[in-house]
Amino acid sequence: MSQVKVKISRTGQVTIDVLNAQGMHCSTLTKVLEQALGETARDEMKPEYFETSQTIHDTVQH
Amino acid sequence: MSHIAEVNLLVQDLNALQRACRRLGLELVRGQQTYRWYGRSVGDHPLPVGFAKDELGTCEHAIQIPGNDHAYEIGIVTRRDGKPGYVLLWDFYQGGYGLVDRVGENAERLQQLYALEVTLGTIEEMNHCVVEQNQLADGSIELVLAQQGV
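As they're listed, the protein sequences go chains A and B. Counting from 1, one number per residue, gives the positions in the first sequence under our numbering. Counting from 1, one number per residue, gives the positions in the second sequence under our numbering.
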């Protein structure tokens, strides 16, 4: 089950971290949260997103 | 997709700001067009982007400490830097005579609770819930969210 971790710093800076999600199973929650909270300063894919793509690639090569 | 995002807070939701104010024992007064401050800028700090000296002290809404006619107040004014939402203006001279004690330096406590209220309101609309909430040693609030019924 995917979870979303939200960390709100003392200064109001917010970090949204999607846990246990793979591939394109994007939670629309995170995008809605980002828009509701303000201006996205950084938005990066996590390793498991790329791991899924790599697995598919390896399977095809074998 | 799996990702991590950092968001710079913009105050856009007056209802969430009102709830954050209540948590701090403050009152958001809609339609209050002036806020209590020193009364004139002495030029020791830069003005907010898009604002002139003679506009300080005027606002669209205000935040006050109920029953305290001495403490300075926070003005809520539409941003003028091209970004959406509001800017919070207040005079921190002498700690705003009690205001800074309530909202924190740079209104950080108010902004943190505003972000918390926005998050709680948004996840409810999106059918998610808080499964864990922690106060971290550095003062951060951490929420773990999950979809309801999954």
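Be aware that a few hints might be false.
[To be verified] Simulated crosslink set (DSS-like; lysine-lysine; CA at most 25 Å straight-line):
{"id": "1", "chain 1": "B", "residue 1": "Lys53", "chain 2": "B", "residue 2": "Lys83"}
{"id": "2", "chain 1": "A", "residue 1": "Lys31", "chain 2": "B", "residue 2": "Lys83"}
{"id": "3", "chain 1": "A", "residue 1": "Lys31", "chain 2": "A", "residue 2": "Lys7"}
{"id": "4", "chain 1": "A", "residue 1": "Lys7", "chain 2": "B", "residue 2": "Lys53"}
{"id": "5", "chain 1": "A", "residue 1": "Lys31", "chain 2": "A", "residue 2": "Lys5"}
[As the list claims (entries may be wrong)] Which chain B residues stay away from chain A? Per the calculated CB distances, all over 12 Å, these:
{"id": "6", "residue": "Ser2"}
{"id": "7", "residue": "Ala16"}
{"id": "8", "residue": "Phe51"}
{"id": "9", "residue": "Gln64"}
{"id": "10", "residue": "Arg80"}
{"id": "11", "residue": "Tyr114"}
{"id": "12", "residue": "Thr119"}
{"id": "13", "residue": "Gly121"}
{"id": "14", "residue": "Gly139"}
The hints are simulated quantities; they were obtained by calculation from the structure and are not laboratory data. Where is the CB? At the ideal position from N, CA and C, for every residue including glycine.
Here's how the hints hold up against the structure:
1. Lys53/B / Lys83/B: With a Cα-Cα distance of about 21 Å, the restraint between lysine 53/B and lysine 83/B holds, given a limit of 25 Å.
2. Lys31/A / Lys83/B: Holds, at about 18 Å.
3. Lys31/A / Lys7/A: holds (15 Å)
4. Lys7/A / Lys53/B: Distance ~36 Å between lysine 7/A and lysine 53/B Cα, so the pair is violated.
5. Lys31/A / Lys5/A: Holds, at about 13 Å.
6. Ser2: violated (4 Å)
7. Ala16: Incorrect as stated: the minimum Cβ-Cβ distance to chain A is 8 Å, not above 12 Å.
8. Phe51: holds (20 Å)
9. Gln64: holds (21 Å)
10. Arg80: Non-interface label on arginine 80/B holds, nearest chain A Cβ at 16 Å vs cutoff 12 Å.
11. Tyr114: violated (7 Å)
12. Thr119: The claim breaks: threonine 119/B does not keep its Cβ more than 12 Å from every Cβ of chain A (closest is about 6 Å).
13. Gly121: violated (8 Å)
14. Gly139: The claim is violated: glycine 139/B sits with its nearest Cβ about 4 Å from chain A, within 12 Å.
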